[in-house]
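Single-letter residue listing:
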Amino acid sequence: MSSSPEEKIKKLGKKLGANLVGIASVEDINKYAPEGHRPDDVLMGAKSAIVFAGQLTPKGAWHSKGYQVHHMNRSFGIPYRNRIAFDVALYIEEKYGYYAAVASGGNISAKLCAEMAGMGTRSMAAGIVLNKDWGLLNFGVAMTTMPLKPDGMVDEQVCPHPSCVKRWEKEGKTFCLDACPECLSGELEDGKIKWMRYNRHVCATRAQTRSINSFQRTLLEAINEPDLEKRKSIVLGTFFGSVVATVSTANTMGQCGECLRGCPITIKARTLKPKWKPGDPG
Amino acid sequence: MGRYISPEIYNKYKQQVLDMSLAVQNYVGIEQQRTESCMTDAEMAAKLGLTAAEVREIRTIAFNDLHHADMWLNSDDEKRMKCQSYFKKR
Ligand code: SF4
Ligand code: SF4
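Chains B and W, in that order, are what the protein sequence lines are.
Counting from 1, position 126 in the first sequence corresponds to residue 126 in the numbering used here; the numbering is continuous, with no gaps.
Counting from 1, position 73 in the second sequence corresponds to residue 73 in the numbering used here; the numbering is continuous, with no gaps.
Quick caveat, the hints were computed from the structure, so don't treat them as lab data.
Think of the CB as a built atom: it goes at the ideal place given N, C-alpha and C, for glycine as much as any other residue.
Please note that the accuracy of each hint is not assured.
[Said to hold, decoys possible] Straight-line C-alpha distance at most 20 Å; calculated SDA-like pairs for lysine to any residue: (1) 82(W) with 72(B); (2) 14(W) with 213(B); (3) 89(W) with 72(B); (4) 194(B) with 28(W).
[Stated by the list, open to error] Going by beta-carbon spacing under 7 Å, a handful of chain W positions derived as facing chain B: (5) 27; (6) 28; (7) 29.
Full structure from sequences and hints, please.
Laid out in structure tokens, this is it:
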């Protein structure tokens, strides 16, 4: 039996490197997205958003005591996920004759598209979308005027995990709130998130320690520094050097995930069981 | 608006723009609240009597202006401490 366009598109996305591929209808997205940030604001007549999700890093990166290993191993970065979205967009245009385009940063919310494509639900950790099997994922999005059958939202909230509910009832904490009180606050009630707050402006200095923002801010610091020797130390020092290196390689996102290190959903997602032992055939 | 935002306009509106932007995000349940914060530039502009381009400029500058450069520099230590504390507790 020949497969449907939805199946073919998902198969291609996975073949190109996505761990999950989901489809959301633009009609669903537009119920939440503000004007100016809707898929059909970017691609006129857009009907569907295809979301490509990838696990953040090889699982081993979470098993390092070096916090920066996690960033160095981010494996589903923006250029990579956009490449998948580009290739699928071109496939849709060629094979089905519908317009398609990649949604680039800031235009539309990839998180919202992922929620609407059934890839997970918002969590206490910064409102990020957590998937019950994969934990935290990175998302790339392609939009198309092709009317595809959407996957729809998942029925059950992924966060909070039952062990977070237990800890909340005992200590008034969850693992993520405990790890990053500077950025995260909230409450659980009846096993669900009652409210939550995310200080993105603080998180940005950690999740994007080396970024265009820190480049601009440090540069301004150097320009304003009247002492020439101090100015030299800012510009030629290791921190600014590493910022320049990171910006020049576009490796600027996701430099922190400490709130999720103790998250039970993430722990389950990053736990491996050996499938081979010494002496077994290869 | 000229090419650059005037310091008077910037200083007058930067706090309001930050408060209304995505800098702080509030959720009831898992639904993002967009009446006080998390607004788009166009929505903020309509409230403040500015153009969306002016708001975008103020927001972009204010976001980088909010914290001292040391915040970025010191954040490596913050992350190192969080990571170490996780492995210590295990
Ligand atoms: S990513 Fe880092 S800074 Fe941001 S909320 Fe999580 S622990 Fe805090
Ligand atoms: S630790 Fe994970 S599951 Fe628990 S509340 Fe935080 S994000 Fe949700």
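Okay, the hints, checked on the actual structure:
1. 82(W) with 72(B): 17 Å, holds
2. 14(W) with 213(B): 17 Å, holds
3. 89(W) with 72(B): 24 Å, violated
4. 194(B) with 28(W): Cα-Cα ~6 Å, so holds.
5. 27: 5 Å, holds
6. 28: Where the cut-off is 7 Å and the nearest Cβ of chain B is about 6 Å from residue 28(W), the hint holds.
7. 29: This interface hint holds because 6 Å falls under the 7 Å limit.
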